[in-house]
Amino acid sequence: MSKNPKSRSEEFVLSVTVDFPDDVMYGPFSLKLIDEIMCQIRYMGASRVYWLYYGDVEQDSYWAGNIYIYNGIFTYGPQTISDIGEPLKAAVPIAHRHGLEIYGVIKPYNLGMSGSHSEGSDSYDPNGIQRIGGNVGQVIPFLDKYPHTRMKRKAYDGADYSNLNIDRIKLLKKDDSPTRIKAENIQIWASNNNYEYKKIDINPTFKTSIEPAQKKTTDYYGETVTEFGQPVLSITLDDINIKEKYVLVTTDFQDETGDFVNTSVSMIEPYHKSKLIPSEVANLSTVWHRPRNFRTGGLEFDSGFGTLQCSLDSSNKPPEVINSWNTVQRGGIIAVAKGLNDYLPSTPCEMYPEVQKLWDGWVDRVLATGVDGIDIRISSHGNLVDAPYEYGFDAPTIEKFIDENGYEPSDTQEDKSKLSNIRGKAYTEFIRKSSQKARKLGKEFHFHMHTEAFRENPVHGQILGFPPNINFDWETWVSEKLIDGATFRTSWFEGWEDPPTQTANRQDLNTSLADPVANDALNKLNQNKIPLYLNRYTGRAVALNQYLDDYESTFNDSRFAGFDVYEFSDLAHATEDGLKLKQRRRQIIEIRKKSIQLGLI
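Take the position in the sequence shown, starting the count at 1, then add 984; the result is the number in the working numbering.
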């Protein structure tokens, strides 16, 4: 006698992702409080948990992570780790006691952060991984041992630009409309250690002119800012002689209505004897350690936000009222640091045997915890830079290219594609091995289908958080039947497809799923009968009512097998004493109501 087919509510999987470092920002966690996480997840009607893994907690291990003991952000991490040990291992039996599946999520490229401690600050570590402006705030012990395995910038002349004096600065507006900036408004500040900048007593020759743009400029969102050859207004500050490595230009305006607008990377050009000095740029934008104040602290050069448009002639002081965006995207200054970064902050290249050993060990350790499956997520926090496509030209990749082609790679698109495919094949081998390991133990193998980045020409906001110049050949993974399920993502880095203070346009679910790349991926994965679980930010992308509507529409969309609430730390926070969870904005209750309505409870 055949069984009755399951109803939609019986088949549909509501899940919740726990990115545990975000949880320990607010309070310490005991096993009892992790049990409460699982209670709340079950209460919402969820049947699955995705729990992110960050390496061994033993610091002498080859596979060690240290995000929980980084003292810059994750305040209660050390206390939590001391109490419960490695969090995923602690969470697995608790999830199972509550009747929940639990999948370990591995981020192979996430070996640290991009944010840095300024050279002049008390937090600066001269022995740490160095970037222009300071040292990377957090990297795992592996990178301290093998810093050369990070993704490398393509070859350039490599001169030491830091000793060149700046004798001219050109400021460029995005168009030729007038500006309110006059000579008397300009201020120049400088520092030798990117900390506590001092105003220079200088009166440069001030000249404005209209000239044709020397390049096309597009912004973070892929929108055209300036066409090549378009007339633009420039301000030239001449007859200066600045020796300091870090130089910023600002104005004395105190309001937020500036008119001198451009992207940071296209706004300033420093010169030495009429030659442009290669440099990294900064304004007050940053992901980490915000808000920034150049008078009392330092700046984040090459922050990854250099393609956001901002105004030079707005207030350069920290905002009086802080919201979720005005300390992340902030103009008011434009600064240069002479020289270029040689590596991505903390993102490894998959071609190195040392990296492959690291990744393989992480897969083994996650599977050993008793999870029901693993999920591989490519996005990370260690590759936020302003020119991502300059990176990915590591020695093993170049050597492999020469072996296969008989010549050194040029800068042509054809050769870049060949390099991208070489790296992609190495990553596919990691996928093959990991899938085989999981299935040998009777576990499922999933991957994150990153529709935001798995495309031919991602705009800057889409590639932010991803390793550039590599072909992630997901169609081969599917055709080789390596995949048991996929977490389907459309969201950009941190859910910032749209500025958080503005209407969600790109983040609208119908708009996201209608994107040709997303739609094509949906069709191909459906054709191959891969269960798809839509991952959706809560608390960042859209308002709660819209979020609940998205949950319901996903339930009613036969292309999806589930809906993933991302992430738990946006739903509830631990109290500072670690005794209980405090719900935020009634989200847990409202999600439960929707689950009841849909028949999941």
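Rather than coming from a laboratory, the hints here were simulated on the basis of the structure.
Misleading hints may appear alongside valid ones.
[To be verified] In silico EDC-like links for lysine to aspartate or glutamate, alpha-carbon gap of 16 Å or less:
{"no.": "1", "residue 1": "Lys-1136", "residue 2": "Asp-1326"}
{"no.": "2", "residue 1": "Lys-1513", "residue 2": "Glu-1459"}
{"no.": "3", "residue 1": "Lys-1417", "residue 2": "Asp-1387"}
Hints versus structure:
1. Lys-1136 with Asp-1326: Holds - the C-alpha atoms of Asp-1326 and Lys-1136 are around 6 Å apart, at most 16 Å.
2. Lys-1513 with Glu-1459: The given pair, whose Cα atoms are some 13 Å apart, holds under the 16 Å limit.
3. Lys-1417 with Asp-1387: Violated. Lys-1417 to Asp-1387 sits at ~25 Å, over the 16 Å cutoff.
In summary, the structure is inconsistent with hint 3 from the numbered list given earlier, while agreeing with all the others.
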